[in-house]
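J.: If you're matching them up, the sequences are chains X and L in order.
Per numbering that gives the first Met the number 0, the first sequence starts with residue 0, numbered consecutively.
Per numbering that gives the first Met the number 0, the second sequence starts with residue 0, numbered consecutively.
Read the hints as simulated data drawn from the structure, not as lab findings.
Take these hints with a grain of salt, some might be off.
Put simply, identical chains are the same to the list, so a pair is met inside one copy or across any two.
[Unchecked claim] Pairs of lysine to aspartate or glutamate residues, derived as EDC-like cross-links and limited to a Cα-Cα distance of at most 16 Å, are as follows:
no.: 1; residue 1: Lys-491; residue 2: Glu-15
no.: 2; residue 1: Lys-7; residue 2: Asp-58
no.: 3; residue 1: Lys-7; residue 2: Glu-59
no.: 4; residue 1: Lys-298; residue 2: Asp-44
no.: 5; residue 1: Lys-486; residue 2: Glu-39
Number of protein chains: 2
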Amino acid sequence: MTTLKLRKIAIDTYKENVAYLHRDCPLYHTEGFQALNKIEIWDGDGRAPVIAVLNIVDDENIVAPDELGLCERTFRQFGVTEGESVSINHATPPASILAVHSKIAGNSLSADDYLNICKDIVANRYSKIEIAAFLVGTAESGLEREEILYLTQAMVATGETLDWEESLVVDKHCIGGIPGNRTTMIVTPIIAAHGMLMPKTSSRAITSPAGTADTMEVLANVDLPLDKLHSILRHQRAFIAWGGTAKLAPADDFFISVSRPLSLDSSSQMIASILSKKVAAGSTHLLIDIPIGPSAKVKSQSHALKLRKMFEYVGDRMGLEIDVVITDGKQPVGRGIGPVLEVRDVMQILQNDPEAPRDLREKSLQLAGRILEFDPDVRGGEGYKLACNILESGRALDKMQSIIKAQGENTEPALLGKLKHTVTALENGTVEAIDNLQMAKIARLAGSPMDKGAGVDLHKKIGDQVSQGDPLYTIYAEINADFNFAKDSSDKNNGYRIESSNQTSCQT
Amino acid sequence: MTTLKLRKIAIDTYKENVAYLHRDCPLYHTEGFQALNKIEIWDGDGRAPVIAVLNIVDDENIVAPDELGLCERTFRQFGVTEGESVSINHATPPASILAVHSKIAGNSLSADDYLNICKDIVANRYSKIEIAAFLVGTAESGLEREEILYLTQAMVATGETLDWEESLVVDKHCIGGIPGNRTTMIVTPIIAAHGMLMPKTSSRAITSPAGTADTMEVLANVDLPLDKLHSILRHQRAFIAWGGTAKLAPADDFFISVSRPLSLDSSSQMIASILSKKVAAGSTHLLIDIPIGPSAKVKSQSHALKLRKMFEYVGDRMGLEIDVVITDGKQPVGRGIGPVLEVRDVMQILQNDPEAPRDLREKSLQLAGRILEFDPDVRGGEGYKLACNILESGRALDKMQSIIKAQGENTEPALLGKLKHTVTALENGTVEAIDNLQMAKIARLAGSPMDKGAGVDLHKKIGDQVSQGDPLYTIYAEINADFNFAKDSSDKNNGYRIESSNQTSCQT
Chain X
0 MTTLKLRKIA IDTYKENVAY LHRDCPLYHT EGFQALNKIE IWDGDGRAPV
50 IAVLNIVDDE NIVAPDELGL CERTFRQFGV TEGESVSINH ATPPASILAV
100 HSKIAGNSLS ADDYLNICKD IVANRYSKIE IAAFLVGTAE SGLEREEILY
150 LTQAMVATGE TLDWEESLVV DKHCIGGIPG NRTTMIVTPI IAAHGMLMPK
200 TSSRAITSPA GTADTMEVLA NVDLPLDKLH SILRHQRAFI AWGGTAKLAP
250 ADDFFISVSR PLSLDSSSQM IASILSKKVA AGSTHLLIDI PIGPSAKVKS
300 QSHALKLRKM FEYVGDRMGL EIDVVITDGK QPVGRGIGPV LEVRDVMQIL
350 QNDPEAPRDL REKSLQLAGR ILEFDPDVRG GEGYKLACNI LESGRALDKM
400 QSIIKAQGEN TEPALLGKLK HTVTALENGT VEAIDNLQMA KIARLAGSPM
450 DKGAGVDLHK KIGDQVSQGD PLYTIYAEIN ADFNFAKDSS DKNNGYRIES
500 SNQTSCQT
Chain L
0 MTTLKLRKIA IDTYKENVAY LHRDCPLYHT EGFQALNKIE IWDGDGRAPV
50 IAVLNIVDDE NIVAPDELGL CERTFRQFGV TEGESVSINH ATPPASILAV
100 HSKIAGNSLS ADDYLNICKD IVANRYSKIE IAAFLVGTAE SGLEREEILY
150 LTQAMVATGE TLDWEESLVV DKHCIGGIPG NRTTMIVTPI IAAHGMLMPK
200 TSSRAITSPA GTADTMEVLA NVDLPLDKLH SILRHQRAFI AWGGTAKLAP
250 ADDFFISVSR PLSLDSSSQM IASILSKKVA AGSTHLLIDI PIGPSAKVKS
300 QSHALKLRKM FEYVGDRMGL EIDVVITDGK QPVGRGIGPV LEVRDVMQIL
350 QNDPEAPRDL REKSLQLAGR ILEFDPDVRG GEGYKLACNI LESGRALDKM
400 QSIIKAQGEN TEPALLGKLK HTVTALENGT VEAIDNLQMA KIARLAGSPM
450 DKGAGVDLHK KIGDQVSQGD PLYTIYAEIN ADFNFAKDSS DKNNGYRIES
500 SNQTSCQT
């Protein structure tokens with residue numbers, strides 16, 4: 000069999016494996032390879048093949064006819080070295096794609112179907128368009144609740160799982176959509192200070208201006224190896240790390256790499272994504288926060304209840320105890336939107352600063368209270384008081400500082416963006432509504448979360464009186480182009496609805 | 000504004016525009032570009048920007064920090080030269096993607112929505128996963144028939160249209176799925192010999208072993224510029240060319256580039272695809288052939304009737320006169336499957352060779368007869384007789400030879416594949432069924448249509464008596480790997496169902 004010598008190609012194709020083959024390579028002709036074909040690359044050591052998309056090269060300076068070019072990332076994934084001999088063949092289409100077609104045709108799939116799909120996906124056998132077909136096919140008509148269970152189980156089964164060797168391992172999750180809402184960084188140290196185990200693996204932002212991992216990263220390293228996480232947990236009872244490191248439910252990362260650019264948003268996918276990550280992360284008890292509001296992800300009490308039932312259905316069958324709280328999602332929580340600004344809010348609360356945003360403090364205490372009540376020794380209804388006590392005594396702040404030190408303190412934390420623009424009220428009146436989506440959009444356009452110091456700082460919230468010219472919020476950015484995008488968007492729609500004072504006084 | 004010098008990169012990425020930027024390019028940092036971002040590339044001449052996917056390069060031998068690398072194909076599409084200065088910026092997501100999300104959520108879209116989607120797609124603003132989302136979103140729940148009309152109109156409006164300056168311009172189309180079925184190459188010369196105008200633009204194979212363009216290419220050039228097509232039509236009254244050249248309904252090519260690897264198959268897409276191409280190609284009268292059979296695309300009379308109604312609905316509203324014939328699709332038509340073998344069948348029929356496959360001849364005459372009756376001067380019911388007359392007199396053969404000469408005869412026609420394997424009957428009996436899908440699969444695995452000489456030659460058809468060891472069909476291939484794939488597939492399932500003689504004699 001003809002073999003090829005591996006060569007490193009210094010082209011970064013992000014998460015896609017690309018292999019470069021010279022057009023004069025004998026295999027190109029005898030085997031009939033074409034550009035964009037998927038190929039399997041085998042080394043002699045019997046390792047599972049790596050699947051890559053083929054690009055055809057006409058320049059021997061890039062790759063010679065007896066070579067196969069791979070990027071750095073693929074070398075690492077494959078665990079091979081430059082110059083090593085490999086053989087290649089056509090990758091056969093994944094067998095599970097038939098189940099995807101069946102789903103698109105409107106049929107329900109079996110547990111085996113979901114398992115096979117997830118297996119093929121994590122083995123890199125699906126192209127991005129095949130993943131898109133699966134996601135859209137399952138998004139449109141939704142999934143039966145058994146199917147959500149099957150998908151969740153499959154996502155857990157096709158990755159690693161963690162075991163923290165304790166019977167009570169708590170976690171929390173918020174159904175996104177509310178900017179600022181950085182409760183996790185307050186709740187976690189409260190819970191850990193009480194002594195409960197809370198290994199908090201968080202995601203980076205998908206469509207929001209920041210995920211907890213993005214914000215925590217301002218303060219500490221969040222990209223930690225598993226043995227390090229175990230050691231932190233043993234000493235601190237908690238960490239706040241990026242979940243991506245642990246290879247938990249890895250199918251989800253493939254889904255996100257497609258659903259993110261597509262802005263796809265399906266309830267079934269969301270439930271499977273959340274619960275698979277939590278089960279794989281070894282959680283036994285989970286608090287889910289569903290904020291409701293006109294511009295939140297969930298807009299009505301009935302939708303929230305429907306989601307709760309689905310969470311409970313899947314959770315029960317996977318041995319995960321679930322408590323669901325429905326919260327106020329009418330506006331951003333806290334003042335800052337974007338990592339650096341959110342860290343400021345969080346630290347003000349932990350430091351019991353009287354200037355700290357009240358809404359974020361209050362919500363964090365309520366969530367922490369519910370989680371504390373997972374502890375059989377905490378009396379029903381006493382959690383909130385206990386949480387207040389832990390926060391006000393400074394024990395939560397101490398715990399947070401220990402966690403930061405244990406994870407590796409960021410000694411050069413990011414600063415607020417240098418570019419700054421304040422948006423002011425156009426009239427006198429009362430703030431009646433703040434559009435979560437528009438505020439999130441402005442913060443993202445400003446560069447958050449890629450630029451930690453980019454984002455939006457809110458000066459007024461719902462119910463506040465404003466006079467014409469009063470600052471409503473300030474946009475921060477690092478990069479000129481982003482700054483202009485954010486300003487333009489805010490000029491078109493500043494996200495605030497202000498009712499004139501007259502009207503308000505008539506109504507009252 | 001910072002500009003970059005264009006450089007040619009000898010990497011073939013097939014139909015995807017890829018731009019290569021060095022990591023040390025100042026723009027990479029100030030503008031925050033990342034690998035796999037979509038960018039717009041502008042030259043100074045006010046041309047519409049080209050949209051490309053970004054790859055980041057760490058090797059100055061590939062591209063220097065003040066350069067932007069593009070492949071040959073993108074250079075051509077953009078109409079620029081090496082060394083020219085360009086500027087780049089982030090491509091904004093296509094506005095019409097919101098309509099795609101609405102479709103995924105189960106809503107109907109408006110005529111404007113479809114127009115905007117097609118405009119963005121032909122402007123290269125959609126990524127492959129966005130196209131996949133549109134196709135799956137419209138495949139799953141199907142489209143309202145008004146939506147099929149809107150999509151068809153949008154596909155026509157976003158491309159060029161042809162005008163042949165006559166009031167009767169005929170065309171035919173078969174709803175694929177039946178291997179061998181090469182009627183077009185017999186019908187077209189019959190119609191043209193009668194003097195009717197039949198500018199036949201055909202597709203290349205998508206999922207079948209050969210399209211008419213693939214097969215005609217064995218005999219003649221099918222890739223012809225528009226002025227040449229006009230001139231051929233004026234002199235010959237017909238041509239058989241590849242439709243891709245004419246930029247007709249170009250959105251369809253984008254759809255196919257995704258639906259093909261996904262093996263997506265939606266009735267709505269099919270109708271929009273067929274009718275948009277025909278209307279854009281200037282047809283006024285269209286005969287549609289819907290074969291029915293257990294392994295044909297359409298399996299039941301009721302499905303065929305439903306399709307007929309949809310064709311008629313859209314056709315009527317677009318001023319296209321449509322006649323639908325429902326034909327026998329129980330088995331391949333003719334003997335050869337694959338370009339070279341199909342050409343042999345076609346020429347035998349045109350030459351009135353007594354060995355010619357009877358079924359292909361008969362079907363072609365029937366279709367030609369129906370088309371001839373679009374001519375107001377042909378009496379209803381007389382078309383078939385007229386078609387026979389034109390074929391038997393040799394006028395169809397003469398016309399075909401003139402058309403081949405006019406298009407440019409292929410002086411070195413492809414030969415039958417050198418690798419050859421004959422599949423034989425395992426028992427005595429009667430051929431009861433031949434699986435179209437399996438025969439098509441074997442022919443494709445053998446290399447058809449990429450290798451013109453690859454394919455399958457059928458020796459037995461339904462109803463034929465066979466003895467154990469009799470040849471059922473022969474597989475031809477050019478490339479070893481393909482040959483083995485095809486043989487393996489045939490070993491697993493030879494595609495024939497043979498009922499033993501005993502049973503048959505009991506039944507008769």
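J.: So, for every hint listed, does it hold in this structure?
T.: Verification of the hints:
no. : hint              : in the structure
1   : Lys-491 to Glu-15 : neither (36 Å within a copy, 34 Å between copies)
2   : Lys-7 to Asp-58   : both (15 Å within a copy, 11 Å between copies)
3   : Lys-7 to Glu-59   : both (13 Å within a copy, 14 Å between copies)
4   : Lys-298 to Asp-44 : neither (54 Å within a copy, 48 Å between copies)
5   : Lys-486 to Glu-39 : neither (47 Å within a copy, 21 Å between copies)
The structure shown violates the earlier hints numbered 1, 4, 5.
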